[in-house]
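J.: Listed below, chain by chain, are the residues.
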Amino acid sequence: MLDKILFYFFAAVAVASAVLMVTRRNVIHSAIFLITALLATAGIFLQLRAEFLFIVQIILYVGGIMVLFVFVIMLVNLDVALQQIQFARQKWVALLVALALAGQVGLMFWSSGKMPGQGLPVLTAAVASNLPPNSETVAHSLFDAYLLPFEIASVLLLVAMIGAVVMAKKRT
Amino acid sequence: MMEALLHGTIDFLKLYWAPLLCGVAVVAVLPLIVGYIVLVERKLMADMQARLGPMRVGPHGLLQPIADAVKLLIKEDIIPDNADKLVFWLAPVLSVGAALLSLAGLAIGPAFQIAQDINIGILFVVGISALGIFGIVLGGWASNSHYSLMGALRSSAQLVSYETAAGMALVSALLFTGTLNIKSIVEAQSKEGIWFVMLAPVAFFTYLVASIAETNRAPFDLPEAESELVAGYMTEFSGFRWSLYFLAEYANMIVVASVATTLFLGGWLRPFASVPWLNVLDFLPALLTVAVAAYCIVRVPKQPTRVQQSFMMAVAGLCFVVGLALVAPVVLPVAKPFYAGIHGGFWFISKVSLYIYFFMWLRFTIPRYRFDQLMRLGWHFLIPLSIINVLLVGVALIAGSYFHLQGWGLLLVTTPAAVITLVAALLILAVDKERDARHDPNAASDFYAG
Amino acid sequence: MGPQHPSTHGVLRVKLKLDGERVIGSECIIGYLHRGVEKIAENRTYQQFAPYVDRMDYVAAVSSGLGYCEAVEKLLLVEAPPRARVIRTILTELQRIASHLLWLGTHALDIGALTPLFYCFREREEILKIFEKYCGARLTTHAFRIGGLQYEAYDTFEKDVERFCKDFESRIAEYETLLTNNRIWIGRTRGVGILTAADAIAFGVTGPVLRASGVKWDIRKAAPYAAYDQYKFEIPVGTTGDTYDRYLVRMEEMRQSRLICLQAIENIPSGPILGKVGKVLKPPPGEVYHAIEAPKGEIGYYIVSDGTVMPYRVHIRPPSFINLQAFDRMVRGHLVADVVAIIGTIDIVLGEVDR
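Residue numbers (the working numbering), protein chains in the order written: chain A, 1 to 172; chain B, 173 to 622; chain C, 623 to 977.
For reference, chain A alone in the conformation it holds in the complex (with noise of 0.2 Å):
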């Protein structure tokens, strides 16, 4: 019960927050919102106890990537944006866009014949007090079975560091 109702409210927080980020017109209002669906989406990978995900969804996505954004948006000239009008021919095929994809879904439950959930393949809930701790089976699958991937993705991430890094010195 309790867990129906904390999902219920990460869920609308989650929708909402969507929502209200690409309606806002003041950008740091949709940052926020933003930051605010994000954190949303934090409190249901808690749920499903997934609590790893959840502490790093927070560290990297909202501690990271989004005091990223927010700087971006606070050091560019503003005001000038602002009084542009924004993407407004492209309203109309994001709109097409997300009819198309709610009617794939839609048609999806449909033709299952069923309520939403009961047709799907439904992996059988683990008993939680028989998991082992979250972090130390993500830190075992990364160094064990996924070695090479993890590999090359920081190879990848100090590329874009030193990229980064070269292209944001001034020339002197």
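Hints are not guaranteed to be accurate.
Distance windows between CB atoms, simulated [to be verified]:
1. C:789 <-> B:193: 49 to 59 Å
2. B:252 <-> A:16: 20 to 30 Å
3. C:642 <-> A:73: 13 to 23 Å
4. C:680 <-> B:526: 41 to 51 Å
5. B:228 <-> C:839: 44 to 54 Å
6. C:680 <-> B:234: 34 to 44 Å
7. A:16 <-> B:251: 40 to 50 Å
8. B:526 <-> C:844: 49 to 59 Å
9. B:252 <-> A:146: 45 to 55 Å
I should point out that these hints are in silico values taken from the structure, not numbers from a laboratory. Treat the numbers as computed from the prediction; the structure is a model and nothing was measured. Ideal Cβ placement from N, Cα and C applies to all residues, glycine included.
Start from chain A and add chains B and C according to the hints.
T.: Same frame as chain A, but now just chains B and C:
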């Protein structure tokens, strides 16, 4: 529907009444605690500056925090004209919210968690306190002044830079435990019989410096004190909003002190907790409090007025009662189960206090760093140092497990690692100084890049 | 940086031209404290004008008073008696220490060290107590009279000065422990606000700022006045002319002043304290320029007398005003955070700058 909601709430309360109570207690009591920490800081500052500090409000200024709180609450709430109302309201709330929420993950004693025993304990605390950055950035934005914004961005750049170094330092210590759970970390220190500060001293030092920068304390408080030169991010906030920022800063101090205590200083463990023949140290807390009580009694005749005399006697009585409470679990078998809670709490709080005392001591003693020097210190020195430290501690641990070393034996491998790290640190400093000397001081430089 | 600013040591307005964070130009706008002292002098008798000079450099009133009294004595062609000269020297050197202490406290505070201010004021308090016992005032002392002194040194004067000097050695060591080898202090002051010797001489800068740039010029040695030729002391000279050098020079000057005081109180000659001057002072027509080494630099008095009881013209050459000219040269290329340090290191008092 309503019935289901009611059932849900009752379920919730039945399961989580203890953490809820703890949470409410923390939120209610923390402002008072922070107020008294500020009073202690002012008294310490005064002592180091050959003066007395607040003396008027209440005996020896003890009611000063209450007077300050009342003053801040009744101040007029001024909102700048063109300020963004939503963001202006939200910014201090975010700061305080992040600080208080990260307090929830801590544990003062083995059975004494503030909220739940979270599996990702340390990561939770560090991650949530990183959310406080938004409070600063949005606060600077909401002030609608270019200089406020610059100050806020500078402060958050500082926080982000030192977060990496702090995280790496914590990783070095976490290598010894293999888990993020706070209780397990302290238990690991109890099992090894040695605090991690001995096994990873360089990590402790790095975390110390990084945490000073994280909480915007001197000598890294240029973004705050820059209200001398240029408006800092807190300028437009007056009255209660400002006190929220202030509360957030001191709550952050408590959080970083608690993290350092848990990870490096043995949490709630008594010094030499696993050495049975040093059990006599169990009497130390009681001895200390009784000594304080005795000192108060000795000073009673020297007080000038009756009020102050009776106050001193009251303080002495209080210390004596606390001393009794501290000695009871050791001697009385009926109080033995409370030993972990009471003594754990005492040791934890005294270690946190020591850490915060060190923060305050630094603030009054050394001048402040200029912003570019601050960023250089973080990026050019602390981050390489902490990365090298992680590497070397890892190597030391592998060597230790190869030789089946445990507890104090681990010192055999970690001390060489620490020495090599220090040598590397000196090398980094030398190279940096040389590069700095060759660098043309008049060339434009970008501070955010460090 | 506006006139009301905690770190400009008075009402100084500084306009900075910035390129990002760097200062590429500056302009000091002064005059907020202009009181027309020089014009007032034309309508006061010589003795009446003496308290006015205290109010210019209100931090080091005794030195300003000494300069003025000696200038008028030059006009009158009288000399203060030996006892007066020695006591004047002691009081002026104590004032130098007091002025440098104030400078050190505020300068350290601007850079972020909160504690030296209180320690410096503790010592300054002792000096001000001596002044109060001597002439009744702490700040604007009017300690000297034209021709000598008005007040005899009080009974425990020598003992007080001796006790202060004995304590002071350990106190200076205290300040040095806090600051001199502190990495952050050195980082904030080394290489900041460099003034080369050639520039210093070209701008007419005097005092510790000049000496820190490497020029060994001190009026106490070059053209001794009062009783300075009787005592042995060193003139500290710096090498690079940055803020750190100016700090070291002033610290050493405090030590040397202490030595002068100790030498002086050993042997204060007895005798009269006031020279042969009448009640009404009518110096013969003429002009005189007399300069002394005030704590902040060379303070000069140019007095033109037309034979009446009031001077025809008094012009004061304030050290802070001339030194402030070098501010633009010192601040270019530095960051905004350094501007406050540089203003502090020149050691200006707006009362003197604006008169």
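J.: Which numbered hints does this structure break?
T.: Of the numbered hints, just 7 does not hold.
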